[in-house]
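S.K.: So the chains spell out like this:
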Amino acid sequence: MLYRLTEVTKRYTQRRKQIDALDGVDLAIDEGEFLAIQGSTGSGKTTLLQMLGAMDRPSGGKLEFEGHDLVKMGEGDLSELRSHSFGFIFQGFNLIPTLTAQENVETALVPWHVHADERRRRAEEALAGVGLADRARHIPSELSGGEQQRVAIARALVRAPRVILADEPTGNLDERTRDDIIGLLEQLWRERGQTLIVVTHDTWVASRASRRIWLDRGRLGEEPAAAVPGLDARVVAEPALAVAGRL
Amino acid sequence: MFFTYVFRELRRRHRQALLTAMGLAVGVALVVAVTAYAAGVGKAQDQVLQSLYGVGTDITVSQQQKMEQGGAQRFGMQPPDESKQGEKFSRSRVMTSPGQQSISSKRLTQIASLDGVSAVTGSLSMSVMSVQGEFAQVQGGSSGAQPSASAQQSGDGSSSQQGQAQMAPIDVSSLSVSGVDTTELALGPLSAAQVSSGRSLTSADAKSKVMLVTKAYAKQNSLSVGDVKKIDGKKFTIVGIVALPAGSTSSDVYIPLSWAQKLSDNANKVNQIYVKADSADDIATVQAEIEKVMPKATVTTSSDLAGQVSGSLSSASTLADRLGKWLAIAALIASFAVASLLTVSAVSRRVREFGTLKALGWKGRRVVGQVLGESMVQGIIGAVIGVGLGILGAKLIAAFSPALEATVASAVQSGPPGMPQAADAAQAVTVNLTAPVSLQLIGVAVGLALAGALIAGAFGGWRASRLRPADALRRVD
Ligand SMILES: Nc1ncnc2c1ncn2[C@@H]1O[C@H](COP(=O)(O)OP(=O)(O)O)[C@@H](O)[C@H]1O
Ligand SMILES: [Mg+2]
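Protein sequences appear in the order of chains H and Z.
Using the numbering used here, you'd call the opening residue of the first sequence number 1 and step up by one each time.
Using the numbering used here, you'd call the opening residue of the second sequence number 248 and step up by one each time.
Calculated directly from the structure, the hints in this document are not laboratory data.
Just so you know, even glycine gets a beta-carbon here, dropped at the ideal spot from N, CA and C.
Among the clues, some could well be false.
Stated by the list, open to error - Which chain Z residues stay away from chain H? Per the calculated CB distances, all over 12 Å, these:
1. 430
2. 463
3. 574
As the list claims (entries may be wrong) - For lysine-lysine, the following DSS-like pairs were computed, each having C-alpha atoms within a straight-line distance of at most 27 Å:
4. Z:610 x H:72
5. Z:610 x H:62
6. Z:476 x Z:466
Chain Z on its own, in the form it takes in the complex (with noise of 0.2 Å):
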């Protein structure tokens, strides 16, 4: 009886029926549209982040060098003698990245003993040029030219024109390395790459000259497994190729910390590190602990530099956060209104049938039932046709929406910083928009129609409540 009631009485008034479930469905696709382009936003920063750095990372710490130590580097190229002049001559040089000074070790298990820190790691990030020519053969005595290269002036040579005019050509390379420990390689730089051959590196590796190459520079110079790379005269096997997201400020190759240290002469050293937290509200607090241990150093957290980020996508997000938010509220709200004020009318329509119930001893709260069971069928339809509308409308928003830009200005170093260029450097990333609408905010939206459908039932059913037998006899109609 309640539900062939509750659907004749539906088919009767189908169009009003269907109005009041559109109006909840309009509210809904609303809220899953908005929810699915802000989470298509949030995963499309989460993606700026992780590409600048690294997945999982909560807290970076890096210390600032002192400026004058960051000076042109000279690389031993003045001839040993004069027999040697017109040979050939390779000469590397390794140098951690300028502006960033070295830590030591200790403090990692100094911040790894503070409150609210689940693990760190720490990497050394460095740079290796290598020149290789032939050197110049220096006509009418040895005093005159001291050929060389800087890293910062890479081609320019106009220092000395004399120099110039008698310079061989010189093949400046730049590679750029990051030692990384082995044993926690979840966090830390490579935390977001995919081996797209070979391997990873294991805590086994932590002493081997063995190397993770990214994709793009094994493409660049023609690299796979198992080839032998020297990296300043040692010779570093190739396990594994790996990827990283778009748009990240990996380095070239990757080798084991212990390594890494060895060749930068920097024993126990490292100049990155990271920090994750026991959760995301323990972060801020691990900040201020670590800025406390290391007064010097810059700490960063990812909405620090969630905060740098500047471009389309942070509009898009201010976007999503304020007019769709505000715009989802107010059609929802503005939904429940209209489903409410027509269950109402349908109800006032049908005081006699009512009270004719009741004077045939319905139960008040039976009267109530069937109200309410009728404006969940129509919340059911609304979060059926709301659900669908929402989809289609976080998939034309996909669609239709551009490519959003990044820009993270770099006045904190995010990352291991490849070319020492890449010192003050913005870095831009673009992404491309999702919306997706993951089976909880469908679990959402129907709650949300289904919700509305209530307010408007209860809205009814109390109408419908105050309705007495004695209505049975009022001429309404």
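Bound-form chain H, shown alone (with noise of 0.2 Å):
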């Protein structure tokens, strides 16, 4: 068990008005899974990978990673656990203008104060690792979109981390590039076993997972029922038994 979240709860108060943006949320997840998380516009979609990629902490229950409370670590420890467990993959990639394909990538290896030299190889080989070795030198502005994000895929997978964490990865990306991207964190996910967890409302997206949470104004919830029962019971199994192969 990598992660256990008993009664999550997050509360914002924005003006004067309290939302609960997670409403009591108990979850499991295990080590290499592939997790989607799918929920409409203003769910808690973002707010849960929040709280499981340490970026801050819940405002009330319990949520264990590795059997570390993370509702009661203190700042640096999170920063700590960040920089040493979790990448991140946003959906506007995130990366810093000014820098290189090259030197954002190494940006992920600052906190661990790595021999320069070792930096530069390390993040060479990962974009390698993305088939982005010839782009290195270019600044974000001169990559498409597709070639931004699979940098940021590189810049979380530099530091090999336990947990991928991606918020809508694809949500700014055309079909072509979003089966691109999906195909290479498919594939890496394989290669590696790391945990994979992709909030999506993309329902291509979410059927390359192993396993599919909804959620619903801050709940766990069921599937929709505008959702194909069949089709889907299908292509979760497929990855499932993936999982079960390499376990």
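Mind docking these for me? Both chains are given alone in their own frames, and the hints should help you get the complex.
M.R.: Here is the structure:
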């Protein structure tokens, strides 16, 4: 068991109005899972991902990662945990606009204080791993959306984290690029055995996952009736078998 | 990574970065220019004070003479007997400076023993009037005319029509002489003197008949080193020609104090005392102490004298002090505020960027360091531009400001008065304004620019430190 969430709540206060972005979430995630978090806009997907990625602390409940309750951790420990255990991929890519692809990947190694040469070598390796060895010296604005997201994936992978967390990673991409990126993530997930948690409202993307959960107004719920059960069952079964095979 | 990131970011927003640097530069440049101007005015003031007062002198002491003692001096020009009528004559008369009473040398030791006094010396200044001509031919008896010449009425012989008619051309000349303590030349009337030929006086000259002549007097009278000049019949050898600061109230010649005392019949007396205090802080105390010891004396400090400086120099000094200082401070505060605002706004536009770095595990202080680094580079650029602008401004001030005039009312006897008529005349000195930029000032300017950058960076860093990793997911752009 990698994660165990018990009655996790997250309450935001905005203009004296309180919003329960997460309202008592119970969830267990195993090591090596490819989990898709689905739900409509405002249902709390991003908030849940932030909690899982130690970017923020829940307002209540218990959120255990490898047995440690993140709710009780200090800012420094959370920062340490993020730099060692998590890799993030964002919808907007979130690359530093002034730094080259290579340097952007290197930023992930800054908290580790690795030697500059070692840092460079590892970043080159990670870029080669996402097929961008020849674009290392380009700044983000010189790259296509798909290439930028590949750089971001290289940045997430360069530290070989336990968990990769992606928030709508293909939300800003066209369909073909989306397939490329999801294909890449899936391939890396298979090769490396990392846990992959993807927030998406794209059914096709979710269909690649080994498990899918739905959020509705901050609570875990059932798959909406609109979805086609037969198709889903078949698609879900495949990766699940793949996981079983690797274990 | 640190520097790469800093420089890339500054290049990206180079306009804004340059604006921030320029803001700091303008503030710093004003400080440099105003300080240089104030230093120039201060220097001009020192120059004036030095020329009137001597270098290194903190306090002068003199004693006013009672009025009746300053009457007309009579020369012994009555012909000794009738047989000498029409013969050539040459007479001189030595008198200590009118208005100043002589002071016993014992006072010097007394002042030297006071707390806070570092050195004391005295000088005796006097005028030597010489009259050369022929004795009048008195017609019709010896009782009629008593030719007399008075120093104060030089050339005005209207007192006796009869006498005037009979008066042969008489050449009246006056020489101002100062007796100086040859063992203590660093203090006193010769402290600012520069030897232009020959040598200065030394302690070995204390009893010799030697003299220093000022450049102006030497030129006027075609005197050079090695020449012999008579004072009241005594022959003095010129050992050096000295230059004194422009506008100084110098005597024409300087001789050892002991000879000045002999010539003027003032054994062990001086008429001007020069005091140097241990430090500037001691001056007021020493002044008070001397006033206690010598209640009748006029005790003047250099700041008393500075207070009496009037004219364009004193307006310049007021300008530098009041307007300049506040202008510089206001500009500095404004430039710091502008730099801070620009830096904070630059950080605010990078919420997602810093949020992402925090999500990647960058520590808060690493992000703050990045913002500070950017700000410091802007500060360095601002310092360079600011110092450059400041030096340029100082040069322009020095080039375009008119020569400053200073007038010192001589109610206080300052320095050795030369001619008798100097007693109540104002002394005017013209000095050129400089605006010196010292290395120290450049150091301060660079320090201020960096301090401004640090303040701006601290504000920016504070803003950045409040960002949370979750801000990486905020949709701001
Ligand atoms: N920082 C925040 N402050 C206040 N309200 C927030 C904040 N983040 C999210 N919310 C609110 O919490 C709810 C869930 O948001 P989010 O997790 O972003 O949903 P999703 O990613 O599923 O669209 C929304 O109603 C949103 O307005
Ligand atoms: Mg979201």
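S.K.: Against each hint, give a clear statement of whether it holds in the structure.
M.R.: Now for the hints, and whether the structure bears them out:
With 12 Å as the threshold on Cβ separation, the claim that residue 430 of chain Z sits away from chain H holds: the shortest Cβ distance comes to roughly 70 Å. Taking the minimum C-beta to C-beta distance to chain H, about 70 Å, the non-interface status of residue 463 of chain Z holds against the 12 Å cut. With a least CB separation of 38 Å from chain H, residue 574 of chain Z remains clear of the 12 Å interface cut-off, as annotated. Under the criterion of a C-alpha separation no larger than 27 Å, the hint pairing residue 610 of chain Z with residue 72 of chain H is consistent with the structure, at around 19 Å.
Simply put, residue 610 of chain Z and residue 62 of chain H have alpha-carbon atoms about 25 Å apart, close enough for the 27 Å limit, and the pair holds. For a cut-off of 27 Å, the pair hint linking residue 476 of chain Z to residue 466 of chain Z stands: about 14 Å separates their Cα positions.
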